[in-house]
Amino acid sequence: MTGKIVIDEEKCKGCGYCIDFCPQKVIKPADYTNAKDYHPAVLVDPEGKCTGCGICYLVCPDVAIEVYKEIEGGKK
Amino acid sequence: MKKKVPMEGNKVIAKAAILAGCRHYSGYPITPQNEIPEYMSENLPKVGGVFIQAESELAAINMALGAAAAGKRAMTSSSSPGISLKQEGISYICCSELPVVIANVMRGGPGLGSIQPAQSDYFQATRGGGHGDYRTIVLAPSTVQEIADLVPLAFDLADKYRNPVMILADGILGQIIEPVEFKRISKKSFKKDWALTGAKDRPYNTIIPFDLDPLGMERINLRLQKKYQKIEKKEVRFEKFNMENPDIVAVAYGTVGRILKTVIREAKKEGIEIGLIRPITLWPFPYQVIEKAAKTTKKFIVVEMSLGQMVEDVKLAVGDKAEVHFYGRCGGVIPTPEEILDKVREIVTGKKQRKIKAIVSKIQETEKKPSLSSVLNVSGMKKIFSKPDSLTDVPFTYCPGCHHGTTHRLIAEVIDELGIRERTIAVFPIGCSVFGYKFFNIDSMLAPHGRAPAAATGIKRSQPDKIVFTYQGDGDLAAIGTAEIVHAANRGENITVIFINNANYAMTGGQMAPTTIPGQKTTTCPLGRNPETEGYPIPVCELLSVLKGPVYIARVALTSPKEINKAKKAIKKGFQLQLEGKGFSLIEVLSACPTNWHLSPKEALKWIEEEMTLSFPLGEFKNIDDSDRGEDKV
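Line order of the protein sequences matches chains A and B. Quick note on the working numbering: the first sequence kicks off at 1 and runs consecutively. Quick note on the working numbering: the second sequence kicks off at 1 and runs consecutively.
Hint data in this document are derived by calculation from the structure and do not stem from the laboratory. Keep in mind that the hints are not guaranteed to be accurate.
Unchecked claim - Taking lysine-lysine and the BS3-like style, the derived pairs with C-alpha atoms no more than 25 Å apart in a straight line are:
{"id": "1", "chain 1": "B", "residue 1": "K227", "chain 2": "B", "residue 2": "K72"}
{"id": "2", "chain 1": "B", "residue 1": "K387", "chain 2": "A", "residue 2": "K25"}
{"id": "3", "chain 1": "B", "residue 1": "K562", "chain 2": "A", "residue 2": "K49"}
{"id": "4", "chain 1": "B", "residue 1": "K382", "chain 2": "A", "residue 2": "K49"}
Start from the sequences and build out the full structure, keeping to the hints where you can.
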């Protein structure tokens, strides 16, 4: 089962909680800034390691992350 | 000649007070005057004075009352809503005939109002403000230098007349930095043989502000009136400017008095002569000089940062000798010289002028850019975690890493899961989460600082079928609101309380809170909280759990996914117990405040785990399902 996360980069304030707690270490700070001048967190997952565990959503203080999980039988 | 130094108005109030011999200061954080207690906390102890951060404005004014009764030069300060709270104390101080200096750095009102400069406390300041026939001497500086000059005078007048004196400034004067020289140092020494110093070798002294015999009480009042008449005769102060045969006389005080000088300069260019009478004492009011001016000038304009409070006094002075016009802005809006001049032109020429819009700073909404991650292809995937319905789309305005957001989300998830969104009502506090009403997709209100449990009680008793929760910070709940929370808990009020403990007053810039831990540095305990003088942190859960009223009390943290899940369970339990009609529940959340702790978000989590939990151990303190207490059962 693989997952994906969608980060609202304008809501993100770059606190780094999701980066620190991600078990797969697939979230990184962006090298650019958003409108509020924060470096938003971004998903960097070329190998498809994200499991959609939802820990990033859980620790995010800004409700900036949506978590998706592959449905069985669904398209990838 | 002494050298002028640049200094902020609030700090000048504090420094001038110390130089004038103030040796007691008690106050409570409120914007825009926090630099006064902050300066006092650092500098008053250096001269052997006493600084106390009180648990409320009520306590602060009464500490000053006590210090004055003990013969010390005492001071307190606040801003508009806080001064409202001090009014009972001011009335007692007047009747007790005690010298206390009160600084009011005004902001927009009524209610919580705004934090920007205003002059809307003119009535409150000059009419007494509290109950009874009394007067407070009111000094209104218009520059930082004038603050430095008037503060020592305030202490002298207070001692001379044994009466409170108010320094009435506003947010601009409090925050502005100007060159200042501390020229006027109070040298007067007042004999205080009435003070409570112990009845050694003299008859005992009493300070008693009442007489139950009406004739006796009338005698007290008449004695006060006699004193007030003397003050009215002797202590009127004002500034006259450009008063040689003006076309119109402007009356304005404080910051507006100063803006008027620019208006006068500009008006001169087009041949309009504006005279200015700037009252320096608002009580006693300079009626005579205005009355005299009305004999020769037939047009007056009163300009205020309020909606015509001083107009009444000017009309009283002018009578039917001249016409009195008014121009004012309020709510924290500062009138520009252009708009005042416009109004003056209109009055002088009789022609309606073009409307000039005031410059109002507005919080800029950031433009919504498409999120880069959103281009990720998620088709064929199921959304498993996203914003709960009980939250709006408004982005949180909290600092990076602040746990208000996480707590908001957990509450919203619980409301969603219990299916109670349409019947939930929230009461938000004064503090960082004052904006909670924007973030929750539910009915909500704002209660005065600390009073949320009382307001929630009123809602719950009126609509028992609704689910009512308060959301309160540590200053709100554990300092100024101590009485309300203890009594709501003790009544077993069927409400849920979410208590955010971040060990400081965050909204006002990081002052010491009742929950600040020993040794922790804040802006009002710059050397670290010293339990000997500032007490120990208040363990709210432990305190309330000894009462019979509460059914569930727990302390949680949000330092890891595991702890966050535990916290959510505790919050859910609180709401469930309310749904079952069981009674009062409180969930204390140890909440990261990286900004005011001067830590990174990651370090903040570590600080909670390693330092904060030593003073505030996690766990359930009361659970009606389980008679065991103090164990980690969340």
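Practice task
Enumerate the violated hints, using their earlier numbering and listing them in ascending order.
Solution key: The structure breaks none of the hints.
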